[in-house]
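Colleague: Chains A and B supply the protein sequences, listed in that same order.
The first sequence begins at 3 in our numbering and counts up by one.
The second sequence begins at 27 in our numbering and counts up by one.
Some hints could be false.
[As the list claims (entries may be wrong)] BS3-like cross-link-like pairs, simulated, lysine-lysine; straight-line CA separation at most 27 Å:
no.	chain 1	residue 1	chain 2	residue 2
1	A	K30	A	K108
2	A	K315	B	K218
3	A	K310	A	K337
4	A	K125	A	K36
5	A	K322	B	K218
6	B	K255	B	K245
7	B	K255	A	K146
8	A	K263	A	K371
9	B	K255	B	K311
[To be verified] Each pair of labels, with its calculated beta carbon distance range:
no.	chain 1	residue 1	chain 2	residue 2	range
10	B	D121	A	E245	40 to 50 Å
11	B	D239	A	S153	28 to 38 Å
12	A	E443	B	L262	40 to 50 Å
13	A	L509	B	D239	57 to 67 Å
14	B	E100	A	L345	31 to 41 Å
15	B	G261	A	E244	28 to 38 Å
[Said to hold, decoys possible] In silico negatives: residues of chain B with every beta carbon more than 12 Å from chain A:
no.	residue
16	Q38
17	R97
18	D183
19	D185
20	S207
21	S214
22	R228
23	L310
24	R316
In case anyone wonders, no lab produced these hints; they're calculated from the structure.
By construction, the Cβ of each residue, glycine as well, lies at the ideal position given by its N, Cα and C atoms.
Letter by letter, the chains look like this.
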Amino acid sequence: MPEFLLEVGTEELPALDAPVLARALGDKLAQVLKEERLGFSGMEIHWTPRRLAVLVRGLAERQADLVEEVRGPAVAVGLDPQGNPTQAALGFLRKYGASPQDLKRKVVGEKEYLFLEVRTPGKPAREVLVGIIPDLLRSLPCRKTMRWDSSGVAFLRPIRWLVCLLDGEVLSVRYGNLTADRVTRGHRFFGPRELVLNSPAEYVEKLREARVIADPGERERMIQDAAKGVEGEHGVRALWTEELLGILVGSLEWPSPVLGKFPSEFLDLPAPVIAAVLHEEGKFVPFARNGEPAPVFLGFRDGKEDEKGYVRKGYERVVKARLRDARFFFENDLKRPLAERVLDLREIVYEARLGSVWDKVQRIREICKHLVDSLGLDGEQGTLLDRAAFLCKADLTTEMVREFPELQGVMGGIYARHFGEPEEVAVAIEEHLLPRTRADELPESTLGTVLSLADKLDTVMGAILIGEVPTGSRDPYGIRRAANALISLILRKGLVVDLFSTIDAALELYPQIPEGRDAGAVKGFLVERLRHIIRDDFGIPHDIAEAVLAVPRGDFLGALERARALASLGRDAALAELAQIFERLRNITKGHELTSFDPELFQQEEERELWREYLKAEGRVRQALANRDFAGALEALLPLGGPLHRYFEKVFVMVEDERIRENRLSFLRALLSLFLEIGDLSVLSV
Amino acid sequence: MRNGKRRVATFQDLVLALHEYWRDQGCVIFEPYDVEKGAGTFNPATFFGCLGPDPWRVAYIEPSRRPTDGRYGENPIRLRLHHQYQVILKPPPPDIQDLYLGSLEYVGIELRDHDVKFSEDDWESPTLGAWGVGWQVWLDEMEITQFTYFQQMGGMDLDPVSVELTYGLERIAIFLQGVESAFELNWSADVKYGEIWHEKERQFSIYNFERADVERIRKMFELAEAEAKACLEAGLVFPAYDHTLHCSHLFNVLDARGAISVAERESYIARIRELARGCAKGYLKLLEERRARVLA
Numbered sequence: 003m004p005e006f007l008l009e010v011g012t013e014e015l016p017a018l019d020a021p022v023l024a025r026a027l028g029d030k031l032a033q034v035l036k037e038e039r040l041g042f043s044g045m046e047i048h049w050t051p052r053r054l055a056v057l058v059r060g061l062a063e064r065q066a067d068l069v070e071e072v073r074g075p076a077v078a079v080g081l082d083p084q085g086n087p088t089q090a091a092l093g094f095l096r097k098y099g100a101s102p103q104d105l106k107r108k109v110v111g112e113k114e115y116l117f118l119e120v121r122t123p124g125k126p127a128r129e130v131l132v133g134i135i136p137d138l139l140r141s142l143p144c145r146k147t148m149r150w151d152s153s154g155v156a157f158l159r160p161i162r163w164l165v166c167l168l169d170g171e172v173l174s175v176r177y178g179n180l181t182a183d184r185v186t187r188g189h190r191f192f193g194p195r196e197l198v199l200n201s202p203a204e205y206v207e208k209l210r211e212a213r214v215i216a217d218p219g220e221r222e223r224m225i226q227d228a229a230k231g232v233e234g235e236h237g238v239r240a241l242w243t244e245e246l247l248g249i250l251v252g253s254l255e256w257p258s259p260v261l262g263k264f265p266s267e268f269l270d271l272p273a274p275v276i277a278a279v280l281h282e283e284g285k286f287v288p289f290a291r292n293g294e295p296a297p298v299f300l301g302f303r304d305g306k307e308d309e310k311g312y313v314r315k316g317y318e319r320v321v322k323a324r325l326r327d328a329r330f331f332f333e334n335d336l337k338r339p340l341a342e343r344v345l346d347l348r349e350i351v352y353e354a355r356l357g358s359v360w361d362k363v364q365r366i367r368e369i370c371k372h373l374v375d376s377l378g379l380d381g382e383q384g385t386l387l388d389r390a391a392f393l394c395k396a397d398l399t400t401e402m403v404r405e406f407p408e409l410q411g412v413m414g415g416i417y418a419r420h421f422g423e424p425e426e427v428a429v430a431i432e433e434h435l436l437p438r439t440r441a442d443e444l445p446e447s448t449l450g451t452v453l454s455l456a457d458k459l460d461t462v463m464g465a466i467l468i469g470e471v472p473t474g475s476r477d478p479y480g481i482r483r484a485a486n487a488l489i490s491l492i493l494r495k496g497l498v499v500d501l502f503s504t505i506d507a508a509l510e511l512y513p514q515i516p517e518g519r520d521a522g523a524v525k526g527f528l529v530e531r532l533r534h535i536i537r538d539d540f541g542i543p544h545d546i547a548e549a550v551l552a553v554p555r556g557d558f559l560g561a562l563e564r565a566r567a568l569a570s571l572g573r574d575a576a577l578a579e580l581a582q583i584f585e586r587l588r589n590i591t592k593g594h595e596l597t598s599f600d601p602e603l604f605q606q607e608e609e610r611e612l613w614r615e616y617l618k619a620e621g622r623v624r625q626a627l628a629n630r631d632f633a634g635a636l637e638a639l640l641p642l643g644g645p646l647h648r649y650f651e652k653v654f655v656m657v658e659d660e661r662i663r664e665n666r667l668s669f670l671r672a673l674l675s676l677f678l679e680i681g682d683l684s685v686l687s688v
Numbered sequence: 027m028r029n030g031k032r033r034v035a036t037f038q039d040l041v042l043a044l045h046e047y048w049r050d051q052g053c054v055i056f057e058p059y060d061v062e063k064g065a066g067t068f069n070p071a072t073f074f075g076c077l078g079p080d081p082w083r084v085a086y087i088e089p090s091r092r093p094t095d096g097r098y099g100e101n102p103i104r105l106r107l108h109h110q111y112q113v114i115l116k117p118p119p120p121d122i123q124d125l126y127l128g129s130l131e132y133v134g135i136e137l138r139d140h141d142v143k144f145s146e147d148d149w150e151s152p153t154l155g156a157w158g159v160g161w162q163v164w165l166d167e168m169e170i171t172q173f174t175y176f177q178q179m180g181g182m183d184l185d186p187v188s189v190e191l192t193y194g195l196e197r198i199a200i201f202l203q204g205v206e207s208a209f210e211l212n213w214s215a216d217v218k219y220g221e222i223w224h225e226k227e228r229q230f231s232i233y234n235f236e237r238a239d240v241e242r243i244r245k246m247f248e249l250a251e252a253e254a255k256a257c258l259e260a261g262l263v264f265p266a267y268d269h270t271l272h273c274s275h276l277f278n279v280l281d282a283r284g285a286i287s288v289a290e291r292e293s294y295i296a297r298i299r300e301l302a303r304g305c306a307k308g309y310l311k312l313l314e315e316r317r318a319r320v321l322a
């Protein structure tokens, strides 16, 4: 069975994109081969920064023949009473080169038709492949595309060569200005510039001889083995991040470890600083010994061992220079207590209309005070939280944070500790930017959690109140990200807090400007983000999200819990009926606000039955809500379905007598309100 | 001194070697443009040279001012003014990466003894309305070059596209001369880099971070912007572009001074981009009307 190789040779692809593109190339090729009725027994995907390749094994020589049933005229039209083909049927036969005995009859719907079985012979694999490859290449999903010549072809980086081999034969594929050939390229510095392939099977081994490891899994093993070697030899542990490993695998064709050392005099730098220096640009693997940084690092040269030691010297020089910078920043930063730096925040503009970072800090402190009350923290915690809030942005004035912005917060914590602030304060500062995104790690401490909440809420409120609501992809203040992180924090930490009351209480902290928006806009924006997050991150179905957010509440955790209660109900006929009745209830009470009614005015038994059920349900619902038992509240509501149904069958609400009518509407309105404690059931799609 | 095709002992030798190399590739050897700017990209030889259909190859050195990068002359490598070596190749030849690597060998870097990586870095200049994709080139994990396929300039799609190579000359010279600080470099056989530049770094850092008068700089910005607009209305794209460059630099000074908020930043950038777009449009119109080469 033939083998097929397609290699797309590129200039260096971004390290984390190459694997995505390689997988897409394999998936799409498999899909197209299936569509084209070309069977195969196996597929291998290979990639490096300079190539995406797919090797197909056991490929069919030709497409399977295509057998299709083609419908012709109806029997009544195609055959005369004697059963002979009419002109219509003869035309149909001519079109497919068939004779009358090939005709078949088949009933479709209520009529019988003439059919032909048409067989299209499969084309040779070669012919099919030549036709599909350009479209396949065009269909690869690039995060961003570029042009590099005038051929009109676009890709993530320039494509410079194509290998397209079916066994020993080059397929004459053209793409842009390129014509496929059997010539690939070896390693940029340690392999031949041109490498002729005689067959697909020799791809991996020929590349290996040319100092290229085509298999990313093998490269990953080489990298990890090198790190393990260092771990064993030096009694240290590698500090991997998934991103660092991905970047290394994605940026090397032949990983060659280079172990570097830095002078141990730098070990008195805080561990996060050393890690930041080494992780910068995803280049070096840091190590720890007994939880403390170790003075070694592992870099990877591409292609070959560093025989002369020049590369190691170069790496060490770069690392030493950066550590020396970091030391310089650290020592300068320690010259002034963190608390003193807070005053400098008056000089840093946060936003022209929202004032300086100092002003932001004052707002965060006020919001914290409100949150302390609503979360029921004690006085001592309140005092510590206020101190943490006061200090939380001071590290913005430090040289370290200016140089390594990713250390913001972390440095604040380190400096706070250095200057004798309480440990709780240091930890809260350290954690107050978490989570940075909705998937990021969360603060562990209570104070860090509350401080983070206050900071993010201020960011969102400030921007929206001055009219900077994100539109489309435009979000210069990063409000969406801040709002997502804020909501994610509440939901994942399980915080019971009424955001709306906090927003109302904080409103006076912000300037009122003509183009600004009001508290309603802030709440609306947050609820919109909440809608997305419970759907996307918590798997709440679309309609249930709509139902529980129909009456927006500041208790965001409650919305998620209500949604979970609703989602746990089976989507059965009973729920469908309840949804329908609920819609009637909502429509009939539209525009009616009063909820106080007089049971004495009820006239029919169905009214009184519903009222009794209502009284029972109401007590249970209120009790359950007080305990945040939303499933229980929902359960208490369900028995109202039957009586409501009977009510609507027997009771005519809109009677002439105004007193009776208004009383009935008020009663129904009260009932509706009770249901709305869970959600608007009418939007459920059951 | 390392093995190489060319003896490059000093900073100025490095520049001369690159001039030779790129001259031999058919580049016009251009001069720095005498208006302050943050990067060699702002030189008209690049801004205008990338626009329009005509092939264009140019190389030049560009002293580039970045007020926020100033460190009072106390950082070995972070400089308020650094020297870029800039090459534009329009259209880019298919072996452009090899050509570039050849230039490193030409100035004396033995590639097989070192570690060279092309690491993803997409470039964007919101003020010029320009963007491109490409890499930072790392030599033993020190960044030495920005390598970019320009896709847009002055808000205009480019066809053909251009490749821009921007070498960080101080970094390459530090590598070649084996010193640890730019100020220790030999500019010539008997003059040190620091002797020429150190005091200037210190003074400009003080000026940019502490002394620049925000109100006056804002006024200067307004004046330059008004002048650029007036020139554009009169169809004088080149004078308009000079004033656009003034605006860009004055914005950078305000930025270093910490005088620009997030919201203001956006609007300042948009104002400069609007001018750059006007210049690009005017230039393309000029090319059309004259039906002749009007190079940058």
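Colleague: Each hint: holds or not?
Modeller: Hints and how they fare:
Taking the CA atoms of A:K30 and A:K108, the gap is about 37 Å. The hint is violated against a cut of 27 Å. Taken as a hint, the A:K315 and B:K218 pair is honoured in the structure, with Cα atoms around 24 Å apart against an allowance of 27 Å. A hinted pair counts as satisfied when its Cα atoms are at most 27 Å apart, and A:K310 with A:K337 does not qualify at roughly 42 Å. For the proposed pair A:K125 and A:K36, the alpha carbon gap of about 14 Å is at most 27 Å, so the pair holds.
Restraint check for A:K322 and B:K218: satisfied, since their Cα atoms lie roughly 23 Å apart, inside the 27 Å limit. Simply put, B:K255 and B:K245 have alpha-carbon atoms about 15 Å apart, close enough for the 27 Å limit, and the pair holds. Pair hint B:K255 plus A:K146 does not hold up; C-alpha atoms about 34 Å apart against a cutoff of 27 Å. The hinted pair formed by A:K263 and A:K371 fails the criterion: a straight-line CA distance of about 49 Å is larger than 27 Å.
Annotation: proposed proximity of B:K255 to B:K311 holds, straight-line Cα distance about 17 Å (limit 27 Å). At roughly 32 Å, the beta carbons of B:D121 and A:E245 sit outside the given window of 40 to 50 Å. A C-beta distance of roughly 53 Å is found between B:D239 and A:S153, which places it outside the suggested range of 28 to 38 Å. About 56 Å separates the C-beta atoms of A:E443 and B:L262, a value inconsistent with the hinted range of 40 to 50 Å.
Our hint of 57 to 67 Å for A:L509 and B:D239 is violated, since their Cβ atoms are close to 37 Å apart. Remark: the range hint 31 to 41 Å for B:E100 to A:L345 is contradicted by a beta-carbon distance near 24 Å. A beta carbon spacing of about 56 Å between B:G261 and A:E244 contradicts the range 28 to 38 Å that was offered as a hint. Every CB of chain A is more than 12 Å from the CB of B:Q38 (nearest about 24 Å), matching its label as outside the interface.
Residue-level check failed: B:R97 sits 10 Å from the nearest beta carbon of chain A, not beyond 12 Å. The non-interface label for B:D183 is inconsistent with chain A: the shortest C-beta to C-beta separation is roughly 9 Å, within 12 Å. Taking the minimum C-beta to C-beta distance to chain A, about 7 Å, the non-interface status of B:D185 is violated against the 12 Å cut. Consistency note on B:S207: stated as away from chain A, yet its beta-carbon is not over 12 Å from all of that chain's, at 9 Å minimum.
Even its closest Cβ contact with chain A, about 25 Å, leaves B:S214 beyond 12 Å, as expected for a residue assigned away from the interface. For B:R228, the requirement that its beta carbon stay farther than 12 Å from each beta carbon of chain A is met, with the minimum near 16 Å. For B:L310, the condition that its CB be more than 12 Å from all CB atoms of chain A holds, with the nearest at approximately 17 Å. The claim that B:R316 is not at the interface with chain A holds, since no C-beta of that chain comes within 12 Å of its own (minimum 23 Å).
Hint violations for this structure: numbers 1, 3, 7, 8, 10, 11, 12, 13, 14, 15, 17, 18, 19, 20, all remaining hints satisfied.
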